[in-house]
Amino acid sequence: MLDIQDLHVKFHTRDHEAVGGINLRIDDGEILGLVGESGSGKSVTAMSIAGLLPRKQCALRGAILLDGQDLLLADRSILRRMQGSAIGVVFQEPMSSMNPLLRVGVQVGEALRIHRKDLSPEARRALVLQAMADVELPNPEECYRKYPHELSGGQQQRAMIAAAIVSRPSLLLLDEPTTALDVTIQAQILELLKKLNAETGISMLFISHNLNVVRKLCTRVAVMQKGLLVETGSTDAVFHHPQHPYTQRLIASIPTRHGREVR
Amino acid sequence: MNYVIRRILMLLLTMLIVSFLTFLAFELVSGDVAQTKLGTEGTPEQVAALRHELGLDQPFLLRYGQWLGGFFTGDLGVSYYNPQPMWELIGPKLGVTLILAAISFLLITLISIPLGLLSYRLAGSPLDGLRTAFNQLCMAVPPFFIGILFSWFFGITLKLFIPEGFPSSIRANPGEAMTQLFFAAVCLSIPRIAMTVRMMRSTVIGEMQKAYVRTAISRGNDRRGVLLRHVLKNSLTGTVTFLAQTLAELIGGSIVVEQVFGIPGLGRFLVAEIRALDYPVVQTIVVILAFWVVLAGTVADLINQRIDPRLRLGGAK
Ligand SMILES: Nc1ncnc2c1ncn2[C@@H]1O[C@H](COP(=O)(O)OP(=O)(O)OP(=O)(O)O)[C@@H](O)[C@H]1O
Ligand SMILES: [Mg+2]
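Protein sequence lines correspond, in order, to chains A and B.
Take the first sequence: its position 70, counted from the start at 1, is 70 in this note's numbering, and no numbers get skipped.
Heads up: take any position in the second sequence, counting from 1, add 1000, and you land on this note's numbering.
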């Protein structure tokens, strides 16, 4: 469903390409993990798929095909039509990613307001409440009326996930969605993502520093270093027989003991 | 609604403190009023009698209490030089200045907010340099100078009003009075509109950097949607605070414009009374101005609490 071909991203302010030519494929219903050290270009990759890189500040080359359509060639209005309806995004910091002045329900329903003009307010509200129930927010009716600061971090992230899936996109981009949360909440969110994937068959790109998390969730893993993909393969293969020295080092550095996982 | 009550109680407390400090300050600067009034010829007996008559032989706190009580019952004391009740003296002038401030404030609010958003959208375009230059020009030109130009152009050349010819009261010739007040208000507003536009523009630019904007774009919002549905509301609290400060300053700021246009407002009156050392009048005006400032701040806070739910918790966010 998503096929990235030889993607290059270069910021005008930088000498080196943030992404230096990567090829990556996500199949229908697949959860692909993207790991790598800080600054390796994971977020830039996700943001180029989501069309969130400021076009004036960087140059993109290659192709990003979503169901056969090249997002890099699409003009702004077509891209906007896909943002929020075909592609949902969840970011790392749920608190700052939400508009502090709008009620949670309004934010969860925003993609519907924009893309589903045919819906009546009541129908939209019903879909919002459904999405909030899908992400297991307690008391959707009550959450609907609350403001972001009235939710806990875990609830905020659930609301962000609800907002990303409310219009039933086929691809969900998750940029370190659990990094800012504590370990038990992190585990709950992972369970939720697994469940959503199993129930709706939504494809996901899951970015993380945390190899343990990726291992629990993803069927396939891609490893990034300095803007390049150094290794791609099934989770089992990569974890048991890492080919690239960088991957081997990453895996060797996984803390073995249970308890707090290092980021 | 709890926070509204709390805020209003705070307002009352602040006003109490302000009035006390004002009373104290005037107690200190005005010296022995009876002696001053009678001059060097007054015998000690006469001075003592006058002190008694003016109530100056009472304890300080008691006099403060009486003065404060008088303030709320409309008995503001008496001017040294004018036997009229103080309110009749100040009221009409306050009215004129309030109208001037109200027109200015409307102009500032109605023009600055759309212009602020527009000015944000010019960022990075070739027109941006021109915008900056024009903005700085408007901020730099002092209202009195614009006032002189206006008097000459709209008054003398176009004869839309008679410079220095403000009617004896607004009711005597409402048309003429309102025309003058309008042009005075425009002079007063121009630099403040420029300041507000600049402030809004930098607030909007700051908000645009925030993470929620990226989220809004990721949901398919276009520029307009991002600006109007997300950023505008987030920029509003700062703007409301700024506008309230502006409103508070407008009354003080009107002094100069009132001079230029010959408008018999509070500012002009205050200057004259200060020169005459008419302390009871000056004191009353100072308290009114201070109340005005405090009130503007309170209203801004209450509006901001309506806009931003985080402020309703009380205390810092
Ligand atoms: N707006 C930008 N302007 C200039 N350089 C940028 C910009 N955004 C990212 N970069 C650069 O691109 C490179 C890749 O950054 P990216 O955010 O994709 O890393 P990451 O793998 O997501 O790291 P992290 O794990 O810390 O989130 C970095 O060198 C970063 O400094
Ligand atoms: Mg990142």
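There may be inaccurate statements among the hints.
[To be verified] Each computed DSS-like pair below joins lysine-lysine, with the alpha-carbon atoms no more than 27 Å apart: (1) A:Lys226 with A:Lys216; (2) A:Lys56 with B:Lys1210; (3) B:Lys1233 with A:Lys146; (4) A:Lys226 with A:Lys195; (5) B:Lys1233 with A:Lys117; (6) B:Lys1159 with A:Lys146; (7) A:Lys216 with A:Lys146; (8) B:Lys1210 with A:Lys10.
[What the hints assert, rightly or not] If you want the ones that stay clear, here's a sample from chain A, every Cβ over 10 Å from chain B, calculated: (9) Phe11; (10) Phe91; (11) Pro138; (12) Lys195; (13) Leu228; (14) Glu231; (15) Tyr246.
[Said to hold, decoys possible] Short, incomplete list of chain B residues facing chain A, as computed with Cβ under 7 Å: (16) Thr1215; (17) Asp1301; (18) Asn1304.
In short, the hints are calculated from the structure, not lab data.
The C-beta atom is built at its ideal place from N, Cα and C for all residues, glycine as well.
Status of the hints after comparison with the structure:
no.: 1; hint: A:Lys226 with A:Lys216; verdict: 25 Å, holds
no.: 2; hint: A:Lys56 with B:Lys1210; verdict: 18 Å, holds
no.: 3; hint: B:Lys1233 with A:Lys146; verdict: 17 Å, holds
no.: 4; hint: A:Lys226 with A:Lys195; verdict: 33 Å, violated
no.: 5; hint: B:Lys1233 with A:Lys117; verdict: 23 Å, holds
no.: 6; hint: B:Lys1159 with A:Lys146; verdict: 59 Å, violated
no.: 7; hint: A:Lys216 with A:Lys146; verdict: 32 Å, violated
no.: 8; hint: B:Lys1210 with A:Lys10; verdict: 22 Å, holds
no.: 9; hint: Phe11; verdict: 16 Å, holds
no.: 10; hint: Phe91; verdict: 7 Å, violated
no.: 11; hint: Pro138; verdict: 20 Å, holds
no.: 12; hint: Lys195; verdict: 23 Å, holds
no.: 13; hint: Leu228; verdict: 25 Å, holds
no.: 14; hint: Glu231; verdict: 29 Å, holds
no.: 15; hint: Tyr246; verdict: 29 Å, holds
no.: 16; hint: Thr1215; verdict: 5 Å, holds
no.: 17; hint: Asp1301; verdict: 16 Å, violated
no.: 18; hint: Asn1304; verdict: 11 Å, violated
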